[in-house]
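All chains, full assembly: derive it from the sequences and hints.
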Amino acid sequence: MKELSARQLYFYFLCIAPVGKLILMPAQLVSGAKNDLLFPALLHMLLSAGAVFCVMLAARAEKPLPELLSAAFGRIGAAAILFLFAAFFLFAAVFPLTEQMLLVQSVYYDTLPSILSFLPFFLFSAYFCARPFAENGRIFDLLAPLSALGFLGLMVLAVPSADFSALLPAGAAGGNGFLLAACESALWFFDPALLLLFAGRFRYRSGMAWKTAAFSLLGSAAVLFFLAVFYGIFSDLALRQTFAFAKVSKYFSAITVLGRIDYLFLCLLTLVMAFYAALPLQACCACLHGGTNGKLPRPAAACAVNAAALALLLLTRFRYAALQEWLMHKLFWIFPLFGVLLPALTLLLRRPRRAR
Amino acid sequence: MNKITGTLRRDEAELKRLLPAEDVLTFPFRGQDGREFLLVFADPVTDKELLGEQVIRPLGDYGGGMSAKEVAECLTSPEIKQLSRVSDLAAEILAGNPVLLWEGADAGLACGTKKVFARAVAEPPTDVTVKGPREGFVEDVKINCALVRKRLKTCELRLHTVQIGRRSKTAVTVCYLDGISDMAVVKQVKRILRRIDIDVLPDSSYLIHFLSPKPHSLVKRVGTTEKPDIFCAKIAEGRVGILADGSPIALTVPYLLAEDFQSAEDYFVPAARATFTRLLRLFALLTAIYLPAFYIAAQLYKLQLFPVKLLLTIMGSIQGIPLSPSLEMLLVLLVLEVLNEASIRMPKYVGMALSVVGALVLGETAVRAGFVSTPAIIIIAFSGIGLYAVPNLIEATSVVRLLMLLVAGSTGPYGIILFTAFLLCFLCRCESFGTSVLAPFSPLIARDLKDSLVKYELSALGMRPRALNSKNKRRMAP
Amino acid sequence: MRAERFFRRLPARLYLLLLAVVVFSFFSNDFGLVDIQKTAIILSAGIDRSEDGFYLTAQIAVPKGGTDGGGTNAVNVCAAGDTLPECVEGIYAQTGWVPKFIFCDLLLLGEAAAEKDAVACLDFFLRSEYMPDSSLVAVCEGTAHAVLSTQSAVDEAASLAVEKLFTDAAEKSGRVCKMTLREFAAGCYGVTESGYMPYLSALDAEQTGSAGKESGQGGQDGQSAEKEPPKVYTAARTALFFRGRMQGVLTPQQTLAFQLLRGKVYAGTVTAEAEGSRVSLGILQNDGGIRLDVRPLRAEFSVTLHVRTTGKSAPDALPEISRSAPSRAQCAAAENAIAADLTSLFKTCEETGCDMFGLGRTLHRLHPNEFSALHGPLLGELSLSVRVRVFGAG
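Chains as they are written, first to last, in the numbering used here: chain L, 1 to 356; chain R, 357 to 834; chain G, 835 to 1228.
There could be a bad hint or two in this list.
Chain R stretches covered by chain G per the calculated footprint, using a threshold of three residues with CB under 8 Å from any CB of chain G [said to hold, decoys possible]: (1) 674-686; (2) 760-771.
Below, a list of computed lysine-lysine pairs in the DSS-like style, where the Cα atoms sit at most 30 Å apart [what the hints assert, rightly or not]: (3) R:Lys-570 with R:Lys-509; (4) R:Lys-471 with R:Lys-404; (5) R:Lys-665 with G:Lys-934; (6) R:Lys-665 with G:Lys-1146; (7) G:Lys-1006 with R:Lys-570; (8) R:Lys-570 with L:Lys-295; (9) G:Lys-1098 with R:Lys-665; (10) G:Lys-934 with G:Lys-1146; (11) R:Lys-806 with L:Lys-211; (12) R:Lys-806 with R:Lys-487; (13) G:Lys-1012 with R:Lys-425; (14) R:Lys-359 with R:Lys-372; (15) G:Lys-1181 with R:Lys-665; (16) R:Lys-570 with R:Lys-437; (17) G:Lys-1012 with L:Lys-34.
These aren't lab readings, by the way, just hints derived from the structure by calculation. Model, not experiment: these values are computed from the prediction. Beta carbons are placed, not taken as given, at the ideal position from N, Cα and C, and that holds for glycine.
Set out below in structure tokens:
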């Protein structure tokens, strides 16, 4: 069985997990918190980092999640929890997929194409999901420099146009704005739940827990910097700027001469985003595979999960407002519960004896 | 049991029964004391002059004992084998080693006087360097082994030869450095070779099929080279090499994708120049694969990828072209591939004329006639040249380029991104004898990056690549 | 066993099926795509208001065909409608080309449209994901249709000639205040509700000077038997906006003063009256700034220039010409002229309510309490001090 190394996990939190927060989240934060958009994001990031720390401590047992759960709740209880997480991952994947679809249709096509332009994603996702979760380590090694290059390139092009004083005055949105933005942005923060699936797939070394949490915070810092640049460029117009990362760099002066060279960096980030959007689906497959004790083959799980995701996407295609309402106002609590709290609570699981 | 009987006529008859071909000849002669000797040899592959010098002449004066050992001592050939089975003797005759029989013989003697047909050691056409050695492997495995021995004068060099092919009995030699190569890989290679059961092994590329876990995959799992200096350098890094008789292409395992971006010349020029050249190759390859695809995707789906002035120039150029951009590009690509294939196959004396046809008629005239546009020709021409910046990957990259074009024309820029993601995923899973093909990028091995797409100075390359799992990690004193 | 064989061969069969689908879609190539030949690349758009709606003039690029390549003709296509999307549909219906605004680099508002409501005109472009908000915006004298229909003396298309006025190099002369759609919208939607954009005028080119290029215009708006004389364009004046409506226009001197205040002038010239003649001082370095004090509420405009004499209306002796450093009197005259321009600039902004200096925004960000305590427009409650220093550099 392939193992992840510590470096690969750090790469995931530093370079890959942050990219999913660059599309619709900035504009959503602005709608609630306006110029105080950094604060609700920071809250989520700190909670996530804490949960990552707890999950890493729980992973010291070097046992995969099904085994950890079986030791604590028995086989049936473990299966039930895994199926619950599978449902959560499928649920959590809907909005990122919608985001991706809208991003692709807007940024990569001039005239609005049909859903067929996004269908190939599910083919790729099915192939990706059929792999074991632990094999993602090598992918992370490849994606990390691409993500870093794309992000840095975009920031180099974007920062000259940013006026950071637009973030002032701090606290103008008040407590209500802060809470509203925090609720509306909760659905983007569930990386600790994904980390659970990596448990048992790497050798725990001393200090890995705080290092992973530190890298998670570093990645979050990059997102915060991006949010600051985003608001610095658009200020009062930020509310209208969906697909934030595709827009911040086009004001660089060389663009008028060379054309949209920033598309090179956008493509790199979109490449990484494709993997990030497929990760919850892969996690869902892994949970189903673990919950059925390996009886459900991964390719079958991959096909079923992707078919379900596609169905959900088709269902919500023209109901974006309703989707937003449900996910951000009515059901937002599911994300901190499954994405942060429950993963953190794995620290309390009774650990099986580590095999010598 | 077909052992020789000692009765000359009966043994001769048995050999003739096993070897009825007309080019298998017999030469009876008598020794000093009148005893009869018989030489059986395959005429085309026997060096008769050497045979006469080393076997017939000494025996002409021989009057000693009748045992094979005593007769062998009389001969002056350094390569004498005693074999008692007629089938083994027949095999030696077919290998070019004449067999000596006599009345009362307890064994036959196979004499190593084979005629070696091989072209001269010259620079290989597929791997040309400006600086550095110009020797290349030839079709004879013994000469190739000699070229390897010339460069690795160490007792650690092991050459293990097996015969593969029921009818061709091709000699295949496994070369490795004991104490440096990963013995697990060596054992695996030997095991695979032993299990090959095939009629004829005409070339080493057949071995690639057996050595690759997924032979139908586009991704190479076995490295190739025609140059002994590269071959020896790879073995010295910890790889295992394979030489096959009849083929100038040597194989090396494990294979890393990065090695195809390296050239021998990188080690003979300053490190900065080598780094620049390697990055240039990567740039050329990526441009060759992606440029036609992005051109099509931009025209069909996302015009904004072009600067506006370039867009207007392109629009002016494609006015009146009857085909859609994607079909036009596909057509030009196919024409280029046909030209490419024809230029390899055509006789040299018509090469010049057909080159003119290709360049003028298919290029300029087609544009003037309005069949294809100038940008398409330029892009495909650059793409065609760019692919040959990494010639070892040409088989795979030309297919990938075509697939990328199909994907771009059908699904647009996002399709290109997804296909790239799929390729990355796929490459991450590919392994060559336990080593990831994408090493040292995935898994990331920082130490090995010093000689991958960038090249550090020689003083920084004191350790063998960790990806190859060599036992002896240091290759240069610090 | 059979099932095992089936599943082992399944991936290869799936790949083949996928390849067949891709090849089919490659050759059919129809997902609501628009062929490049059926696309109208709109280089610029002019928006005018009519009695009950909008009048859109789109200048569409028509590439010159053949193997020569290069060069652009432009065609104007106009349509009217209650809203701008209706106008766009009208253009589609007239030409059969799908209009694409992704290369639209210039939005020109007619005077009437700007006075009525500029933000309403620009709303469509702000909403559209396919419209670059880095495109330039400007107001023109008269109607945008008239300006875009003129023949330019310096370029093939009027819009391309206008865009040349707003290059970074042109801005460095200080004669032009460039404005993009994003920046204008940010100002109008911000706390100051203010904005500005260049005010464009079309002038007849000199008969001897510019013979005029063939622009190939015509098409939808027809060609008259007698061609109009070619035009050159100037954007030395700046239109001021408050709450989305044009409230006034700055003079060229006020525009230069504003640019000097922003420190954006690197190759401009300041002309002043000194020692009985008009002297032009070339600007070598320009530093400018605005400081806002809250107690008391006061703004300080400061401009510092390093200049060199580049010409005079009256002849000078050769030693004077070779020296090129301006005299103290000349520097003082320039200081007075710039200070007067800055003061008049501030007064104009105060009268129109347009806070083009961003003082309100600064106050809101740094001193939100003081901002909330304002009773009326900030500029009316602010006192101004101006500090101009001009240094000669020989």
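Status of each hint after checking the structure:
1. Taking a C-beta to C-beta cut-off of 8 Å, the segment 674-686 of chain R contributes 8 residues in contact with chain G, enough for the three needed, and the coverage statement holds.
2. As drawn, the segment 760-771 of chain R meets chain G at 5 residues by the rule of a beta-carbon pair under 8 Å; at three or more, the given contact holds.
3. With a C-alpha separation of about 36 Å, the suggested pair Lys-570 (chain R) and Lys-509 (chain R) falls outside the 30 Å cut-off, and the hint is violated.
4. Only pairs whose Cα atoms come within 30 Å are accepted, and Lys-471 (chain R) paired with Lys-404 (chain R) is accepted, the gap being roughly 8 Å.
5. For the hint linking Lys-665 (chain R) to Lys-934 (chain G), the alpha-carbon distance of about 15 Å falls within 30 Å, and the restraint holds.
6. Taking the CA atoms of Lys-665 (chain R) and Lys-1146 (chain G), the gap is about 42 Å. The hint is violated against a cut of 30 Å.
7. Between Lys-1006 (chain G) and Lys-570 (chain R) the CA atoms are separated by roughly 64 Å; this puts the pair beyond 30 Å, and the hint is violated.
8. The suggested pairing of Lys-570 (chain R) with Lys-295 (chain L) holds, with an alpha-carbon distance near 26 Å, which does not exceed 30 Å.
9. Between Lys-1098 (chain G) and Lys-665 (chain R) the alpha-carbon distance is near 28 Å, which keeps this suggested pair within the 30 Å criterion.
10. A C-alpha spacing of about 50 Å is found between Lys-934 (chain G) and Lys-1146 (chain G), which places the hinted pair above 30 Å, so the restraint is violated.
11. Proximity of Lys-806 (chain R) to Lys-211 (chain L) is assessed by CA-CA distance (about 27 Å); at most 30 Å being required, the pair is judged to hold.
12. For the hint linking Lys-806 (chain R) to Lys-487 (chain R), the alpha-carbon distance of about 22 Å falls within 30 Å, and the restraint holds.
13. For the suggested pair Lys-1012 (chain G) and Lys-425 (chain R), the alpha carbons sit about 104 Å apart, so the restraint of at most 30 Å is broken.
14. Only pairs whose Cα atoms come within 30 Å are accepted, and Lys-359 (chain R) paired with Lys-372 (chain R) is accepted, the gap being roughly 15 Å.
15. A hinted pair counts as satisfied when its Cα atoms are at most 30 Å apart, and Lys-1181 (chain G) with Lys-665 (chain R) does not qualify at roughly 43 Å.
16. A C-alpha spacing of about 41 Å is found between Lys-570 (chain R) and Lys-437 (chain R), which places the hinted pair above 30 Å, so the restraint is violated.
17. Distance check on the hinted pair: Lys-1012 (chain G) and Lys-34 (chain L) sit about 28 Å apart at the alpha-carbon level, within 30 Å; holds.
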